[in-house]
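K.L.:
Here the protein sequences line up with chains A and B, keeping their order. Under my numbering, the letters of the first sequence match residues 1 to 244, in that order. Under my numbering, the letters of the second sequence match residues 245 to 338, in that order.
There could be a bad hint or two in this list.
Pairs of lysine-lysine, DSBU-like flavour, derived with a Cα cap of 30 Å [what the hints assert, rightly or not]: (1) B/K261 with A/K72; (2) B/K308 with A/K58; (3) B/K261 with B/K336; (4) A/K58 with B/K336; (5) A/K19 with A/K50; (6) A/K136 with A/K83; (7) A/K81 with B/K259; (8) A/K81 with A/K52; (9) B/K259 with A/K58.
I should point out that these hints are in silico values taken from the structure, not numbers from a laboratory. Quick caveat, the model's predicted, so the values are computed rather than measured.
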Amino acid sequence: MASNPMQQFSVHKIGPEIKIAGIDLSFTNASLFMVISATIILLFLFLGSKEKKIIPNKIQLIAEMFYTFVAKMISDTAGSKAKPYFPFIFSLFMFVLFCNMVGMLPYSFTVTSHIIVTLIMALFIFLAVTVIGFAKHGFKYFSIFVPSGVPVVLLPLITIIEIISYLSRPVSLSVRLFANMMAGHTMLKVFGGFVISLGLLGGWLPLGFSVALTGLEILVAFLQAYVFAILTCIYLNDALNLHH
Amino acid sequence: MTVPEDFKTRLKIAKSKIKNQVKSDLEKKGSFMGSAFKLGTELVAAVAVGTIIGFILDNWFDTKPWLIIIFFFLGAVAGLINVIRTANRMQKED
Numbered sequence: 001m002a003s004n005p006m007q008q009f010s011v012h013k014i015g016p017e018i019k020i021a022g023i024d025l026s027f028t029n030a031s032l033f034m035v036i037s038a039t040i041i042l043l044f045l046f047l048g049s050k051e052k053k054i055i056p057n058k059i060q061l062i063a064e065m066f067y068t069f070v071a072k073m074i075s076d077t078a079g080s081k082a083k084p085y086f087p088f089i090f091s092l093f094m095f096v097l098f099c100n101m102v103g104m105l106p107y108s109f110t111v112t113s114h115i116i117v118t119l120i121m122a123l124f125i126f127l128a129v130t131v132i133g134f135a136k137h138g139f140k141y142f143s144i145f146v147p148s149g150v151p152v153v154l155l156p157l158i159t160i161i162e163i164i165s166y167l168s169r170p171v172s173l174s175v176r177l178f179a180n181m182m183a184g185h186t187m188l189k190v191f192g193g194f195v196i197s198l199g200l201l202g203g204w205l206p207l208g209f210s211v212a213l214t215g216l217e218i219l220v221a222f223l224q225a226y227v228f229a230i231l232t233c234i235y236l237n238d239a240l241n242l243h244h
Numbered sequence: 245m246t247v248p249e250d251f252k253t254r255l256k257i258a259k260s261k262i263k264n265q266v267k268s269d270l271e272k273k274g275s276f277m278g279s280a281f282k283l284g285t286e287l288v289a290a291v292a293v294g295t296i297i298g299f300i301l302d303n304w305f306d307t308k309p310w311l312i313i314i315f316f317f318l319g320a321v322a323g324l325i326n327v328i329r330t331a332n333r334m335q336k337e338d
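This is chain A alone, in the form it adopts within the complex (with noise of 0.2 Å):
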């Protein structure tokens, strides 16, 4: 039994240990459970969309919402010259959605509760967005550091602060998904822990909590996977359309 609130998110090798040029590229749990969520995603997609009736049926449906709810979130936030990027937004949003639903199941491990993991989405969008701005405007795309109508003595200042607040975001971004789910699981362990210690008398009240908890848990996964999503959607934008 692991009583440890903390053990959950310890990361294990599963089958041999692989070294490539002195690098550990073992297969992990952590790899296990990407590769159940990617499988989950594609096994639902692929059903959602294999049949295409005009009245939909269940599977169909959900998918289809899927599909609006990430193109609404696009329009919305982005307009349509981020139209093409629709593909990454939404295989973004689908694989953290995923993650973190899957990390609900009991015995299972999620993914995005580990900072390495959502770092390296992020620094990923990070770069994506700064080269996109500079593709398309070029050197133009510093303006973005200095906002208009500045008085020039300030000036200085204020683009070394919209730089450190430029390079905040990956930060932010990374860190809110992870400290979330981080934060969450270790509640549920820690409740359900206070559940065996108090044993048939007391542990009725911390029961009824875990029950709760895990209801918020399973809106905060969805809640994180959106605001995910819609960030990436608003740094896209203000590469796009550069103004203020």
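Chain B: place on chain A using the hints.
P.N.:
Same frame as chain A, now just chain B:
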């Protein structure tokens, strides 16, 4: 004798409207919590990034405590700007 029938359907419609109202209120509460988290991390992240930049620059230029102090405050200002911008964006959405 269609009047009671009619009343029943009207009652049903009114009840479902109330139910939807309650549901959307609940959804709003959830997104409030999300936006609170959003603002918090926005502030902390900028302070952290500013401090790290100050630390690195201090090591480069050998000016030990000064740049980290300056960049800590610059990071705090950047965090506040981030929070104000996010709040403005949220207000626009509503």
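K.L.:
Does B/K259 pair with A/K58 here, judged by a C-alpha cut-off of 30 Å?
P.N.:
26 Å, holds
K.L.:
Hinted pair, alpha-carbon criterion (30 Å max): A/K136, A/K83. Please report holds or violated.
P.N.:
15 Å, holds
K.L.:
Keeping to a limit of 30 Å between CA atoms, is the pair of B/K261 and B/K336 held or broken?
P.N.:
Between B/K261 and B/K336 the Cα gap is close to 26 Å, so the pair holds against 30 Å.
K.L.:
When you check the alpha-carbon spacing of A/K58 and B/K336, does it fall within 30 Å?
P.N.:
At roughly 35 Å apart (the allowed maximum being 30 Å), B/K336 and A/K58 break the hint.
K.L.:
Going straight from one Cα to the other, do B/K261 and A/K72 come out at no more than 30 Å?
P.N.:
Given that 30 Å is the threshold and the Cα spacing comes to 25 Å, the pair holds.
K.L.:
Check the hint pairing A/K19 with A/K50 against an upper bound of 30 Å on the C-alpha distance.
P.N.:
40 Å, violated
K.L.:
Given the hinted pair B/K308 and A/K58, is their alpha-carbon gap at most 30 Å?
P.N.:
This hinted pair is violated, its Cα atoms lying about 63 Å apart.
K.L.:
Holds or violated: A/K81 with B/K259, Cα cutoff 30 Å?
P.N.:
Not OK: A/K81 and B/K259 at ~42 Å, beyond 30 Å, violated.
K.L.:
Keeping to a limit of 30 Å between CA atoms, is the pair of A/K81 and A/K52 held or broken?
P.N.:
28 Å, holds
When the structure is compared with the earlier hints, violations turn up for hints 2, 4, 5, 7 and for no others.
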